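Novice: Once you have looked at the hints, place chain B on chain A.
The listed protein sequences correspond, in order, to chains A and B.
Residues 1 to 533 in this note's numbering are what the first sequence lists, from first letter to last.
Residues 1 to 68 in this note's numbering are what the second sequence lists, from first letter to last.
The set of hints was computed from the structure by calculation and includes no laboratory data.
Quick caveat, the model's predicted, so the values are computed rather than measured.
A hint or two may mislead.
Below, in silico cross-link-like pairs of lysine-lysine (DSS-like), each with a Cα-Cα straight-line distance of 27 Å or less [said to hold, decoys possible]: (1) A/K270 to A/K203; (2) A/K203 to A/K226; (3) A/K460 to B/K38; (4) A/K390 to A/K226; (5) A/K115 to A/K95; (6) B/K3 to A/K390.
Just a few of them, taken from the derived set where beta-carbon distance is under 8 Å, the chain A residues facing chain B [what the hints assert, rightly or not]: (7) L102; (8) F106; (9) P255; (10) R365; (11) D368; (12) H373; (13) R375; (14) A376; (15) E377; (16) L380; (17) A386; (18) K390; (19) E392; (20) N399; (21) K460.
The C-beta atom is built at its ideal place from N, Cα and C for all residues, glycine as well.
What follows is the residue order along each chain.
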Amino acid sequence: MHKSVYRYEYRRSRDQDARSPVPHAVVVVGAGPVGLAAAVDLAQRGVRVVLLDDSDRIGEGSRGICWSKRTLEILDRLGVGERLVARGVTWKLGKVFCGDELLFAFDLLPEEGHKMPAFINLQQFHLEKALVDRTGEIENIDLRWKNRVAGLEQRNDGVRLTIETPEGAYRLDADWLIAADGARSTVRGLLGLGFSGVTFEDKFLIADVRMAADFPTERRFWFAPKFHAGQSALMHRQPDNVWRIDLQLGPDADPIAEQEPERVRARLAKVLAPHDFELEWVSVYTFNCRRLDRFVHDRVIFIGDAAHQVSPFGARGANSGIQDAENLAWKLAAMLAGEGGEALIASYDIERTQAADENIGHSTRSTDFMSPHSRAERGLRDAVLALAPKAEFARRMVNSGRLSLPSVYDSPLSTPDEAPFAGASKLGAPLPDAPMTRPDGTPAHLLENLRDGFELICVKADADGDGWRHVPDGIRRTVIGEDLFDRTRILTQRFDATPGAAYLVRPDQHLCARWRRFDAGKLAAAHARALGR
Amino acid sequence: MAKLVTASRFADPDAAYVALVDARRNLSDAEAAALDTKLVLILANHIGDLDVLNEAIALAREPAGSSP
Numbered sequence: 001m002h003k004s005v006y007r008y009e010y011r012r013s014r015d016q017d018a019r020s021p022v023p024h025a026v027v028v029v030g031a032g033p034v035g036l037a038a039a040v041d042l043a044q045r046g047v048r049v050v051l052l053d054d055s056d057r058i059g060e061g062s063r064g065i066c067w068s069k070r071t072l073e074i075l076d077r078l079g080v081g082e083r084l085v086a087r088g089v090t091w092k093l094g095k096v097f098c099g100d101e102l103l104f105a106f107d108l109l110p111e112e113g114h115k116m117p118a119f120i121n122l123q124q125f126h127l128e129k130a131l132v133d134r135t136g137e138i139e140n141i142d143l144r145w146k147n148r149v150a151g152l153e154q155r156n157d158g159v160r161l162t163i164e165t166p167e168g169a170y171r172l173d174a175d176w177l178i179a180a181d182g183a184r185s186t187v188r189g190l191l192g193l194g195f196s197g198v199t200f201e202d203k204f205l206i207a208d209v210r211m212a213a214d215f216p217t218e219r220r221f222w223f224a225p226k227f228h229a230g231q232s233a234l235m236h237r238q239p240d241n242v243w244r245i246d247l248q249l250g251p252d253a254d255p256i257a258e259q260e261p262e263r264v265r266a267r268l269a270k271v272l273a274p275h276d277f278e279l280e281w282v283s284v285y286t287f288n289c290r291r292l293d294r295f296v297h298d299r300v301i302f303i304g305d306a307a308h309q310v311s312p313f314g315a316r317g318a319n320s321g322i323q324d325a326e327n328l329a330w331k332l333a334a335m336l337a338g339e340g341g342e343a344l345i346a347s348y349d350i351e352r353t354q355a356a357d358e359n360i361g362h363s364t365r366s367t368d369f370m371s372p373h374s375r376a377e378r379g380l381r382d383a384v385l386a387l388a389p390k391a392e393f394a395r396r397m398v399n400s401g402r403l404s405l406p407s408v409y410d411s412p413l414s415t416p417d418e419a420p421f422a423g424a425s426k427l428g429a430p431l432p433d434a435p436m437t438r439p440d441g442t443p444a445h446l447l448e449n450l451r452d453g454f455e456l457i458c459v460k461a462d463a464d465g466d467g468w469r470h471v472p473d474g475i476r477r478t479v480i481g482e483d484l485f486d487r488t489r490i491l492t493q494r495f496d497a498t499p500g501a502a503y504l505v506r507p508d509q510h511l512c513a514r515w516r517r518f519d520a521g522k523l524a525a526a527h528a529r530a531l532g533r
Numbered sequence: 001m002a003k004l005v006t007a008s009r010f011a012d013p014d015a016a017y018v019a020l021v022d023a024r025r026n027l028s029d030a031e032a033a034a035l036d037t038k039l040v041l042i043l044a045n046h047i048g049d050l051d052v053l054n055e056a057i058a059l060a061r062e063p064a065g066s067s068p
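Chain A on its own, in the form it takes in the complex:
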């Protein structure tokens, strides 16, 4: 079976020759998509990061493939969004079948004016490779392969790590440790932390095949198709003629026997006939919907699968992990710069446990629908499927996975609205993107205009309302009607923008305050609040 693997060299660090443990501000454990995103984000904010990974390669199998719009917006800010979109397969349509009958189709991004698509499909190793390449393009990241965390000691203001390498062990100190070391997190184990949640018994076969086929570029999901009787099936297109097929096997399947190539080929032949195909990667998995009770444990902070796990139906795993990384990166950078208060790190826990609960809730519901726990539950599910072709209310209950959307944070960092705002933009949510025109007439998008810091977006007023010409330090100002122009009126509509209105945007592009009329005092207070002061 073919595997795309990128190998990296172990290199000895000077820290290994130091007499006493060398201090570092931030150490990230795990160079998967989430750890890499955290490291790049911190580095772009001027924070020096040591990134440790116990392996020396990426690319063992395709693994995660669906990257959501919000994740792509984050990756765009991290400097790799455009290259990933160019490499991936863009899609936004999904179809759900019962047997051979199409129940319904859905469009995940039915409107124009966004730089990033609803989703791209791209093998996880491509994303990791792009981020590893990015660590070489920017300053501040010390990426150490074949460095395995073996010991962890929590101290007054940081953590002391023992790290195993091919040349023996060494120690280093970290003011902050970010654990991005995945579902089987070593750091979580060293701290003795357990999960709360549910393990599902159903087993699923996941297979990537190479095949020349002209199936549409859509997410296609079947309940009880003829080619896989009684179970569910999911198909996704990836680049380079690679297709992902995910087959439900039931609770009694033997995970070893089910991975035997002949058996896998026989199953897939029924799905893919008459196409010839070549197996790329096969895995049998079960899944959990669970999370740590708290993501912040003194100076150790958990992100991604190390903190929470969901089923793959909905693409809420790696996408939510990258959103964890973005949420934490600016807050940690602000703490290290002395700008943020203690409440800022606590807000990471508040906001991202909210997001994890939302993801776990959706994931659990999808799983309950796909894998009923008893005959009584299956009877209800089958009744919904039987009514779905005839009644819209039943179609709306058919759940093949609710696809990842960013969370709207109910956050202490937000300043409540004084006046009502309509439109798609919401307090606590990432800004909706909008097509803009630069003063020289060239096209642009709103989000790509935002930098890594706080931003005040002001709508030019006809007469007064010039106060925003004096925004405080630490906030960058963009004036709609001077710096960018809203020719399509899409921003006006999405932001319910009126002349003189002002919007304070956090460094993670989430809206934290807005006013119909600028007020310097209110802006300063909202800025301080968003920094946890």
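Specialist: Then chain B, alone, in the frame of chain A:
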């Protein structure tokens, strides 16, 4: 003139489905059937309209695959 509404009316259909799943969690088939029967009676009375009830019965009795 049809009076039965088959358009989705729940703000969050997933939550409504989960409520029905949770109601039958850990029930035997017979217990679930008894629960469903009581639910039918309770909801039929809540609707309180024989025309709607007859339309709902007709929809539920339609064989799979037939058009609405």
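Novice: Against each hint, give a clear statement of whether it holds in the structure.
Specialist: Verification of the supplied hints:
1. A/K270 to A/K203: holds, 19 Å
2. A/K203 to A/K226: holds, 19 Å
3. A/K460 to B/K38: violated, 62 Å
4. A/K390 to A/K226: Status holds; Cα separation ~21 Å.
5. A/K115 to A/K95: Cα-Cα ~24 Å, so holds.
6. B/K3 to A/K390: Given pair B/K3, A/K390 holds - Cα atoms ~15 Å apart, limit 27 Å.
7. L102: Given a least distance of 13 Å, the restraint on A/L102 is violated.
8. F106: violated, 13 Å
9. P255: violated, 27 Å
10. R365: holds, 5 Å
11. D368: Check passed: Cβ of A/D368 comes within 6 Å of chain B, closer than 8 Å.
12. H373: This hint holds: A/H373 lies near chain B, its Cβ roughly 7 Å from the closest one there, short of 8 Å.
13. R375: A/R375 check passes; min Cβ-Cβ to chain B is 5 Å, inside 8 Å.
14. A376: holds, 3 Å
15. E377: holds, 6 Å
16. L380: holds, 6 Å
17. A386: holds, 5 Å
18. K390: Since the shortest Cβ distance to chain B is 4 Å, the answer is holds.
19. E392: Given a least distance of 5 Å, the restraint on A/E392 holds.
20. N399: A/N399 check passes; min Cβ-Cβ to chain B is 6 Å, inside 8 Å.
21. K460: violated, 38 Å
Against the hints set out earlier in the document, violations occur for numbers 3, 7, 8, 9 and 21.
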